[in-house]
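Combine both chains into one complex, guided by the hints.
Going down the list, the protein sequences come from chains V and C. Residue 33 in numbering that gives the first Met the number 0 sits at position 34 of the first sequence; the count goes up by one each step and never skips. Residue 171 in numbering that gives the first Met the number 0 sits at position 172 of the second sequence; the count goes up by one each step and never skips.
For the record, the hints were derived by calculation from the structure and aren't laboratory data. Given the structure is predicted, the values throughout are model-derived calculations rather than measurements. Backbone N, C-alpha and C fix where the C-beta goes; we use that ideal spot for every residue, glycine too.
Derived DEER-like restraints, expressed as beta-carbon distance ranges:
id : chain 1 : residue 1 : chain 2 : residue 2 : range
1  : C       : LEU20     : V       : ARG67     : 29 to 37 Å
2  : C       : LEU200    : V       : ALA86     : 43 to 51 Å
3  : V       : ARG124    : C       : TRP257    : 52 to 60 Å
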Amino acid sequence: MDAAPALAKPIEVEAQGLHYARGGRVIMHDLSCRFPAGRISVVVGASGCGKTTLLRMIACLNRPHAGRILIDGTEDVAHLSDGEVHAFRRRVGMLFQGGALLDSMTVFDNVALPLREHSGFPESRIRDEVHRVFEAVGLANVDELLPGQLSGGMVKRAGLARALVERPDLLLCDEPFSGLDPPTIRRIEELLLFVNQNLGGTMIITSHHNETTMRIADHVVMMVDRAAVSGRPRELLAGGDARVAEFFADVADSVPGAAP
Amino acid sequence: MSALGGVQSLGARSIAFVRDLGRFSVFSLRLGNAARRPPYRWRRLVREIYDTGVLSLVIVCISGLAVGMVLGLQGHNTLARFGATGSLGAVVGLSLIRELGPVLTSLLVAGRAGSAMAAEIASMVVTEQLDGLRMMSVDPLDFVVAPKAQAMLISMPLLSTLFVLFGIFGGYVVGVVVLGGDPGSYMSTLTDAVVFRDDVLGGFLKAGVFGLLVGLVATYRGYTALPTSTGVSAAATSTVVIASVATLIVDYFITALWGY
Numbered sequence: 000m001d002a003a004p005a006l007a008k009p010i011e012v013e014a015q016g017l018h019y020a021r022g023g024r025v026i027m028h029d030l031s032c033r034f035p036a037g038r039i040s041v042v043v044g045a046s047g048c049g050k051t052t053l054l055r056m057i058a059c060l061n062r063p064h065a066g067r068i069l070i071d072g073t074e075d076v077a078h079l080s081d082g083e084v085h086a087f088r089r090r091v092g093m094l095f096q097g098g099a100l101l102d103s104m105t106v107f108d109n110v111a112l113p114l115r116e117h118s119g120f121p122e123s124r125i126r127d128e129v130h131r132v133f134e135a136v137g138l139a140n141v142d143e144l145l146p147g148q149l150s151g152g153m154v155k156r157a158g159l160a161r162a163l164v165e166r167p168d169l170l171l172c173d174e175p176f177s178g179l180d181p182p183t184i185r186r187i188e189e190l191l192l193f194v195n196q197n198l199g200g201t202m203i204i205t206s207h208h209n210e211t212t213m214r215i216a217d218h219v220v221m222m223v224d225r226a227a228v229s230g231r232p233r234e235l236l237a238g239g240d241a242r243v244a245e246f247f248a249d250v251a252d253s254v255p256g257a258a259p
Numbered sequence: 000m001s002a003l004g005g006v007q008s009l010g011a012r013s014i015a016f017v018r019d020l021g022r023f024s025v026f027s028l029r030l031g032n033a034a035r036r037p038p039y040r041w042r043r044l045v046r047e048i049y050d051t052g053v054l055s056l057v058i059v060c061i062s063g064l065a066v067g068m069v070l071g072l073q074g075h076n077t078l079a080r081f082g083a084t085g086s087l088g089a090v091v092g093l094s095l096i097r098e099l100g101p102v103l104t105s106l107l108v109a110g111r112a113g114s115a116m117a118a119e120i121a122s123m124v125v126t127e128q129l130d131g132l133r134m135m136s137v138d139p140l141d142f143v144v145a146p147k148a149q150a151m152l153i154s155m156p157l158l159s160t161l162f163v164l165f166g167i168f169g170g171y172v173v174g175v176v177v178l179g180g181d182p183g184s185y186m187s188t189l190t191d192a193v194v195f196r197d198d199v200l201g202g203f204l205k206a207g208v209f210g211l212l213v214g215l216v217a218t219y220r221g222y223t224a225l226p227t228s229t230g231v232s233a234a235a236t237s238t239v240v241i242a243s244v245a246t247l248i249v250d251y252f253i254t255a256l257w258g259y
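So that you can see chain C by itself, here it is in the shape it has in the complex (with noise of 0.2 Å):
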């Protein structure tokens, strides 16, 4: 490719990435509107919330026990060297709820719940019930699209709190169980270092944002799929790579301002 194709080429996509981008943003108002307005669809939430939150409960509390493990060993030898291991429960209470909780149960969520949502959108796209509910006078992003937005908003937040417990939970298991540390250090360092405001506020709000980015991602992916069965395949995984990108981005800023 010549250097004048190469920069024709950055150029298209770099307009295709700001017109995605806008009408992202005109998707996102326009469902916010919908979600504001009733009637309030209580029953498609809480089924939503079910598909997203419940369903995701297994492997976001088996993932959270295993990074807590992991955590408490690394932790333990790490802390080891300067005879710190009192210290553990801080460590990896910290580390949980300030990053890794509201991160990793992101990743994961947009992984499960996110890709299933959109690509659940993207094949009534394909198979027209968007189009029926419209000829019904039912608005597709009242109906289908902003149930869906809001399960994974709530649920993100409680199902992030569910992995920091099971991972300080593994942490105790290796550091107090396993490796013989004092269980008492573990739970006074964890209360003492933990601040409410600034760690458990804090990691709620990281994965509330991290919820509705998510599940606006899907949404988006999925309402504005193409019409056919590559269509669908690719809004999951335009799905899983944009939302974790986005979580990861998003995570460093919130860091920055919440003034961590």
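Same shape as in the complex, but just chain V (with noise of 0.2 Å):
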């Protein structure tokens, strides 16, 4: 994995008084949270709490009903007009949770794809930065395989190749260890840490996965009650907040200083 594309500036994301309802169920209420710029954040919590919903309101899928998603502690994402989102997106890479991967096509045309659409590249050029980012995403021989022909690990690597490809500055990456088995979990999580140490952007990761977000976040949000309480693995954990100790009370354990 030495021949990785670096890529562009990493960017801090801080959400405002998030509000979202759907199907008249208040999902968020005054959220506010912070994203540091070039870090690993794993945002957890029950499922349905909303994880899913503010990973696709930072991008810019969903809309928050109230509050503002600053970049770099300007730019609010949560307001910006069609022509404005599509520029933010291409600065944003995202992994989605099922792959997303365009089943009609090959996966070596499913990475190519944001390339040939907004590049310029000769077919060449193209060639070359897909065959390095499934280099980076440990992918070899996938070039002519449908999206339907790979295993779940390989249908999350490339996923996350399409996401490198244009050398995103925000990476976002949904639930990427949901229905892989341990030995792939840790493939796929010796992955992100080698993306995020080796090409630098910032990373929000979703994850129900305790473990793992134990082994791989440098910053925590843990949303609960419709708001979210955050910070560094182990301070959060010895914070002392009772629902905290419960969400993780099976890897409190093995955090160095955070068992109570």
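Right, dumping it as structure tokens:
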């Protein structure tokens, strides 16, 4: 994994006073949290608490009913026009829970798509860029395969390759460990750490795997009671919040200084 | 249900219908705008024409042949009462070119290709493939939806023409080969009765309008499907129902306006 492309400048994301309701149910109420630049932030919380919705808001796929999402403290992406959203998304890569690869196109064409659409590169350069990112995520001999022919772990890698191919400043990963066996989870974990350490962007991950969260997170945002508490993993666990202690009870012993 | 409840239910359904009609209109305008702007996705269009048109060839040709044979049989028996079996070619030809060709082709294609189109787009909604495109700053309307609607618009008149040709052949087989009619009369009454502008062009126009209609309905129902498995099936089912009923209603108005 030496041939990794360099990311551009990492960006800080800050949510302020987000409010969101769906089907009459309030999912977020005055939710505020910060995702530091260049770090791996993991969003955790019970199922249905709004982790994916928060990620989709940052990606401008959902709009909050109130509140702001600031990029580097200035640009509010919650209220961008359609044209501005297009420009902002060029700086963002997203790995969806199911990969979201276009199943009618080969894996190569999936990953090459954003370059073909935006870069203006000749086909030879696109081929080089795609193979470079394939190498970075540990994929080989998948050019002509369709997404349906890949295993779960390979789909995640291919999705990650597509998210990284335009060298985003911000990488969003929605449940990258779900539906995978433990060895594959470890491999994806290592891959995300490698991407963060070597490519240098800001990474926001949603997960309900506490062990993984403790291993890879620089910063944890826990969504609870429609709001959020956040901090470094060890600080968060040592903070004395009963809700946090209960949520992380299965891993508290494995985090030095975190056990009560 | 009380009378008041019935009125409330009717009112709610009416509002929902008008709202859906409004959304459909906005969707159609956005789709037209996306299709008009470059880049023109010729390769995707050709693939969609294959899916919509080529894969419908067999069903359309067989159906056309069967309908023509039935028309030949019924027409021959009816005309025999008046001693006018020589006019069978005109009866079969006019029935097919003016009405049965475009209308039955539209119903068949809505059932085969329209439902598949809606289900494919809806499943792309479910699996977040359209969101994946948005995250690459690629407009799904332009990349996925527009080529499908355009393919339907192009394929329908061609399929309708094939339906008519096979129908005329089917009528010939029954009326001339099986029942012993005069082949010269069959062809001469057919060519004498059919007026190019009123009949052929009118039938072609109808098929084009039906193609546009089925394409818009199928893509709209798929694009706005609920992101669930039942959403996919509902999109496919409603496409067939709405496109079929709309075809029959619009057929009346075209017939009236075209001056038959």
